[in-house]
Each structure stands twice: as C-alpha cells, then as structure tokens.
Amino acid sequence: MAPATLALAVLTALVSAAISIGGLEDQAAVAGGFMPLRATLLAAGDGAGLVSWLLTPLTATLIHGGVMHLAFNLITLIFCGMAVERVTGSGGALVLYLVGAYAACAAQWAAGPHSSVPMIGASGAASALVGAYALLYGRARTRDIGPVPGWLLHVLWLLAAWTVLNLAIGLLSVQAGMPIAAAAHIGGFLAGLLLCRPLLLWRWRRA
1 MAPATLALAV
11 LTALVSAAIS
21 IGGLEDQAAV
31 AGGFMPLRAT
41 LLAAGDGAGL
51 VSWLLTPLTA
61 TLIHGGVMHL
71 AFNLITLIFC
81 GMAVERVTGS
91 GGALVLYLVG
101 AYAACAAQWA
111 AGPHSSVPMI
121 GASGAASALV
131 GAYALLYGRA
141 RTRDIGPVPG
151 WLLHVLWLLA
161 AWTVLNLAIG
171 LLSVQAGMPI
181 AAAAHIGGFL
191 AGLLLCRPLL
201 LWRWRRA
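Anchor point for the sequence shown: position 5 equals 5 in the numbering used here, and the numbering is continuous, going up by one each time.
These aren't lab readings, by the way, just hints derived from the structure by calculation. These figures come from a predicted structure and were not determined experimentally. Some hints could be false.
To be verified - Ranges of calculated distance between the beta carbons of each label pair, as one might list FRET restraints:
hint, residue 1, residue 2, range
1, Leu42, Met68, 26 to 36 Å
2, Leu54, Leu11, 17 to 27 Å
3, Arg86, Gly23, 37 to 47 Å
4, Ala7, Ala71, 17 to 27 Å
Backbone N, C-alpha and C fix where the C-beta goes; we use that ideal spot for every residue, glycine too.
Working from the sequences, and respecting the hints, build out all of it.
Below, the structure is given as structure tokens:
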C-alpha cells in the first residue's frame, strides 16, 4: 500500500470533482491557481496577500480543467507515486510532491514572470514523482566519465530528455490552442531528480 499517494489522489479527485460539479472552474482557477504575475507584483510591492499567494502552488494542484486533465494527472500520480512511495516511504513521497509543486511554480514564473494566465493541475507536482521514478526504476546506467560520476550523468540525461519532450509537447499544444505548462513540468521533474537520493539516504539512516 501507498497511503500518502492514495490520500493525495483521493483529495485531488474529490476537490476537482466538487469544483467541476459546481461549475466553478474559472473562479477556482483565478482564486487558487498559480499566476506568475502575482508573484512579480508581490516582489515589487509591500507583500500584501503574501500568505494566501504562498498557498497557491498547493491549491493549484487541486484544480483541473476538465475530466481528461484530471484523469491524466491522477494516473501519473498513482502509477509513479505508489512505486516511489514503496522505496522512499510515505514521508518521502509527500516531500517530493509538495516540493515539486513549488518547484513547478518557480519554473513557470521564471519562464514568464508577467503572465496573468493561472496555472492549474497536479502535473507539476506529479512530475517530481516522475523524476524520482525515472531515477529509481530506469534500467540504463551511465558509466563514469573522468571525474564525473555516472549517477550525475544519468540525472543530466534524464533531465535533458524530459526537457526536450516537454518543450516539444508545449510547442504542439500552443499550436493546437491548448497550451500546457511545460516549464512547470520541467521544474517538478528536476526537483524529483535532485531530492530522490537525499530522501533515500534520509529514510535508510532512520531505519
């Protein structure tokens, strides 16, 4: 069992379903989605609304733009989350997801600090679990090259592959009129790659 992953999936499904049933998608996106422009304005202003804004990377994970958006993110969360949680433990999986949510928003802000389009969905946070999953279960192992360790080269290779994939999907989604937050996916994935080894060490030292 993977209680943390299942709890996240159930919470996400229930909140997203309630918003959809109530026809509140647009209102929820504006109120609870992550908007890069807000961060830019807060950084230049007096910090009014800072506390509520700091929660938007988390609230954004509970808001989705339709059944397909929700279903895809839940499948990713459950599949990768359960596998990762078996290795890192529930605490590790939660850390990956929560840090991934903030890393995704940071990357999205860096890509467009003046964007007023709210970012919603759990895909950025789930990307951290995807990153950890790729590192834990990937079969390919890279050899050391001089002083550069193989594990670091493997991380860089995974990051490069994920970045190229998401940039390509992002470009196609813009052309189709349904842009996705490619930068957020990359930010979350990077967080998963960076946190995976420390979380493993943390868990097994406590065992």
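Here is what the structure says about each hint:
1. Leu42 to Met68: 26 to 36 Å: Holds: the Cβ-Cβ distance is about 33 Å, inside 26 to 36 Å.
2. Leu54 to Leu11: 17 to 27 Å: 19 Å, holds
3. Arg86 to Gly23: 37 to 47 Å: 39 Å, holds
4. Ala7 to Ala71: 17 to 27 Å: Since the Cβ atoms of Ala7 and Ala71 sit about 18 Å apart, the hinted range of 17 to 27 Å holds.
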